[in-house]
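Chemist: Sequence:
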Amino acid sequence: MAPILLESVILPAGVSLMHAFQLTSFARQTGQARRKFDVPYPAITGDERFMRYFRAQQNTIEFAPIFYPLLWSAALFCHPVPAALVGLVYLYGRSQYFKGYVKEVKGRLFGFGVCVNALKLLMAMSVGGIAHFALVTYAGVDVKRMVMARLNL
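Residue 150 in this note's numbering is what sits at position 150 of the sequence shown, and the numbering runs on without skipping anything.
Don't read these hints as lab results, they were simulated from the structure. Check before you lean on any hint, since a few could be wrong.
Unchecked claim - So the derived label-pair ranges between C-beta atoms look like this:
no.	residue 1	residue 2	range
1	Q58	L6	50 to 56 Å
2	F21	D47	37 to 43 Å
3	A134	E7	24 to 30 Å
4	L151	N117	25 to 31 Å
5	M146	P82	46 to 52 Å
No experiment lies behind these values; they were computed from the predicted model shown. Cβ coordinates follow ideal geometry from the N, Cα and C atoms, glycine included.
Working from the sequences, and respecting the hints, build out all of it.
Modeler: Below, the structure written as structure tokens:
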């Protein structure tokens, strides 16, 4: 089994760090909205404008446990560069989702679509990479090599 070199995972690690900063930024903005719209702790309901900030932040938190395993399994079993690029698309979608949602409820839809499509790509990369690795490891079948040979590459 090959070791994982830090050089090979620097990009997905950078995307993970960027997501942590994004989560922090959304939490800060939600806290500011709490004060602006006078919603005292521990209340999570109140002014509708605050509720949009709160839901945008909560939805982002709810998706984090989906995003991280998909990003890392795609990076480790498929390839770290495309996984990181798709991860950046996901972060862009999250940003658009948050900005759109705090303006109006329907404003979240574009960003949400970007996020869902990025997650679908990461899922496909993860499943394909893990399936290929399992076939090579446990059945001695290298689909990638077979396809390359078939295409004379």
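Chemist: Would you mind marking each hint as holding or not holding in the structure?
Modeler: How the hints compare with the structure:
With their beta carbons about 34 Å apart, Q58 and L6 fall outside the hinted range of 50 to 56 Å. Separated by about 27 Å at the C-beta atoms, F21 and D47 break the suggested range of 37 to 43 Å. In this structure, A134 and E7 meet the distance hint of 24 to 30 Å, their C-beta atoms being roughly 25 Å apart. Checked against the hint of 25 to 31 Å, the C-beta distance between L151 and N117 comes to roughly 28 Å, which is consistent with it.
Evaluation of the 46 to 52 Å hint for M146 and P82 yields a failure: the beta carbon distance comes to about 21 Å.
Hints 1, 2, 5 from the earlier list are contradicted by this structure; the remaining hints agree with it.
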